[in-house]
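Asker: Here is what each chain is made of, one letter per residue.
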Amino acid sequence: MIRQRKEKLSALALAAPLLLFLTVLVIWPVYLGVRTSLSRDLLSEFEITPAGLDNYRAVLQAPDFWSALRFTILFAIVVTIIEGILGFALALVFDRKFPGKKTLFSMVLIPIMIAPSLMAVMYRLILNENIGIIPGAIQKIGWDISIFDQRYIFFTLVALDAIQYTSFAFLLAYAALQNIPQDIYESAAIDGARYRQVVFRITIPILRPALAIVALLRLIDSFRTFDTVYILTGGGPGISTQTIGIYIYKTAFITGDFGLASAASVTLVLLLVPLMPSIIKQFRLDVK
Amino acid sequence: MKRNIWATFIASIFAFIFMLPLLGAIYNSLRTDNAIASGPFVWEFDRDFSHYKNAMGAAGYDFASFFQNSILISIGTVLLTTLISLPAAYSIVRLGFGGAWLLRIALGLRILPAVFFIIPFYKLFTNLTLVDTVRGLILANTFVNLTLALLIFSSAIKELPYEIEEAAHVDGAGVFRTLSSIVFPLMGPGLAAVGVLTFIFSWSDYLFAVVLSSSEATPVTVGAANFVTSYGVRWGDISAAVTLSVLPPLLFAILAQKYLVKGLSSGAIKG
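Heads up: the protein sequence lines correspond to chains W and H, in order.
Those letters in the first sequence? Residues 17 to 304, per our numbering, in order.
Those letters in the second sequence? Residues 121 to 391, per our numbering, in order.
One thing to keep in mind: the hints can contain errors.
To be verified - So the derived list for chain H, only partly shown, Cβ under 7 Å to chain W, looks like this:
1) F217
2) L227
3) I231
4) A344
I should point out that these hints are in silico values taken from the structure, not numbers from a laboratory.
Glycine residues also receive a C-beta, built at the ideal position from the N, C-alpha and C atoms.
All chains, full assembly: derive it from the sequences and hints.
Answerer: So, in structure tokens, the structure goes:
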């Protein structure tokens with residue numbers, strides 16, 4: 017009995033740093049965020065005054081907020097599909113023995129190890145109109161297009177995101193592929209199944225839960241796209257590539273309207289909350 | 121075998137495209153300013169490595185101090201994240217503290233967009249005078265990495281044979297003793313995974329750094345991005361600076377690749 021109580025105390029003591037951290041850096045900030053969203057809080061005014069739901073009304077009527085949301089959702093869906101397919105295809109390529117496999121495996125993982133913001137700086141170097149090798153190569157072929165043109169910018173950003181994050185989808189798909197027992201393939205081979213049949217009838221159905229998680233993770237992460245797009249375009253031309261993250265950041269720290277930006281943040285979270293339980297369920301967390 | 125050469129070919133194309141930005145930066149960092157000014161495909165080797173010397177301080181940029189900040193922030197975050205999440209994971213998995221809901225809450229955090237927290241953190245850190253300090257950025261990055269560390273540590277602890285801990289218990293070792301002298305030494309792979317991933321992700325942080333630092337605590341990510349806007353035409357120096365900025369996490373990750381792979385997949389997918 018005493019030992020049990022002692023054990024409970026130790027359990028609490030071990031978890032205490034986490035609980036303290038969550039209280040100070042999660043619960044308190046969430047409260048601060050909600051409070052700010054209900055206040056008139058401008059960088060240009062010293063005083064912060066209660067504003068009721070004014071900021072929410074303003075956000076819901078702001079065309080910039082909706083266009084940022086639309087852009088973010090569209091971008092997230094497109095990159096998730098492209099990176100999921102490319103990552104899975106690459107995982108299938110790596111799911112066999114071939115010359116140079118080990119070195120190439122390390123090489124395709126490199127984008128995971130590079131900060132998106134530093135990647136963005138390097139993109140600027142290779143895409144620069146005067147010194148970049150990509151525009152240089154396009155010119156050599158004889159094409160006359162500018163990849164930062166309003167017409168192509170969406171595809172450019174999708175391609176750049178794919179260069180950074182396909183590795184991530186690849187790695188997770190590859191790890192899941194390693195968990196498929198080899199004898200399933202062997203018996204399929206004995207039955208005379210073709211490669212394509214094996215992929216579509218065996219591999220994909222078995223991997224479905226894992227692939228769903230990969231897609232969910234990419235969807236969640238691409239929803240918070242900020243660094244690369246901000247450094248490359250700053251949300252422009254105009255506001256055509258403004259993600260929701262850039263909208264919130266600019267509203268708070270450039271326009272100086274903390275109240276409005278907080279209302280936008282809270283609205284974003286409220287839009288995501290209904291999805292949370294199903295996402296968490298996908299992970300099948302358990303403690304035993 | 122014929123088919124396998126195809127696999128090498130396809131994998132090489134992917135590898136080349138993925139590495140193209142880095143190769144481009146290295147390429148420009150090794151060319152003379154003359155060559156860079158003459159066009160993208162003019163090659164003249166810069167024997168003095170002047171761009172690297174400039175980046176490291178010869179030209180008066182603050183890059184060396186950004187570099188130092190990034191190292192301090194990343195190492196500090198690795199330590200704090202481990203210190204908080206390892207005991208908590210043990211408490212959750214082995215002592216049944218909070219059950220699965222604590223992990224679920226942590227996962228919920230992973231889903232919330234980080235941008236939600238930039239304004240509250242800015243306000244909170246201003247009150248605590250943590251804005252523009254390395255300590256402040258360590259706290260913010262610990263917040264970012266906590267979920268993955270908790271998931272990795274809990275799955276690593278689950279894999280340990282419980283009998284060893286039970287034997288220690290029977291021999292009269294308390295919970296703390298068991299954790300520090302039995303569980304901790306067996307956690308090598310889990311610690312390596314959390315270490316390498318937390319290091320990479322805190323080195324990569326841009327959003328919190330741009331909001332919570334102004335000069336003293338600026339890391340390389342913000343430094344390099346500002347570099348492009350303020351010294352726009354010094355392409356060679358920028359290339360050298362960004363190449364150097366990419367290297368530490370890259371080298372660390374290549375050395376610990378096994379743990380990076382295992383950590384990322386166990387943090388996301390069970391098994």
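Asker: Given a cut of 7 Å on the nearest C-beta pair, is the interface hint for F217 (chain H) held or broken against chain W?
Answerer: holds (4 Å)
Asker: Would the hint on L227 (chain H) be counted as holding, given a Cβ-Cβ threshold of 7 Å to chain W?
Answerer: holds (5 Å)
Asker: Using 7 Å as the Cβ threshold, decide whether I231 (chain H) counts as touching chain W.
Answerer: Holds: closest Cβ of chain W sits about 6 Å from I231 (chain H), inside 7 Å.
Asker: Is the interface hint for A344 (chain H) satisfied, with its Cβ closer than 7 Å to some Cβ of chain W?
Answerer: Interface hint status for A344 (chain H): holds (5 Å vs cutoff 7 Å).
Checked against the numbered hints above, the structure violates none of them.
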